[in-house]
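Numbering (the numbering used here), first residue to last: -8 to 205.
Don't read these hints as lab results, they were simulated from the structure.
Mixed in with the good hints there might be a few duds.
Below, in silico cross-link-like pairs of lysine-lysine (DSBU-like), each with a Cα-Cα straight-line distance of 30 Å or less [to be verified]:
| # | residue 1 | residue 2 |
| --- | --- | --- |
| 1 | K76 | K118 |
| 2 | K16 | K89 |
| 3 | K36 | K118 |
| 4 | K103 | K196 |
| 5 | K103 | K89 |
| 6 | K16 | K36 |
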Amino acid sequence: MKFSALFFILLFITKTVFSLTDYQKSIAQFYNIHNTQNLTLLEVKAYQQTTNYSCGPAAIMSLLHYYHKLSDRDMNAKTELRIAKEMGSSTTLGSSSKQMATWLSQHGFEVKYGTQGTLHLLQNSLKQGIPILVDWIDWGGHWVVVTGYHATSKNNQDGNDLLFLADSSAHYDSVPSLNNLITFNADRFSTMWFDSENDKTQLIKGSYIIAVPK
C-alpha cells in the first residue's frame, strides 16, 4: 500500500514537471523537438518592428506583453515609436542597453544589465520564468528576447543546444517560423553575441538586460 501511494505521488510529480502547455507543444512540434524533457520555453509574443532601427523598443514591447503590462490592443506601431522617442533611439544607431535599461527602470521594472553574458546566465534566468533581452550582431546589431532553451546534452557536450528567440525582424526572413519565434544553435549564438556602441567604435560582448516588474 505504501509503495503504491509513493508510486502515484512520483507519477504526479513527473507529469507536473514535464507536462507542456499547448503553446509549448505547438512549438516543439513545429521545430521537430521530440525529447522535451530538457526544454524550457516561455510564452512570449514577438512584436514585429515597423522600422529598421526599432528592434530595441520592439523587444521591450514583447517583454511588457509577457508581464501583462501591455495589451494586445497596444501592440502597435504607435506604441513602438512612442517608446523609441522616449528612449532616445537613434534612426541610425538604434538603442543602447543603457537607454533601454533606463526606460524600463522608469516604467516600473527592476533592471539588471551588463556585458559578458553567458549561456548559463540565459538558462538560469529562463528556468525562473524570466525572458532576457540580448543584443547580438545579427542584422549588424539587433535586440531580441531569449524565450527558451533546449538542452540536448549535459553542458552542451554535443554542441546541439538550441536557443529560442522572439525576433522582431522574423517577418523579414524567408525562413519559416511559428509565432515569430526563431531557433538558433546556442554555441553559434555565443560567437555572435556582440555589437558595438558609441558610434560603432566600441565593441561590446554579451550585452544583456534582465528586467522584472517591481
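Check each numbered hint from earlier against the structure, then list the numbers of those it violates in ascending order. Of the numbered hints, 1 and 2 do not hold.
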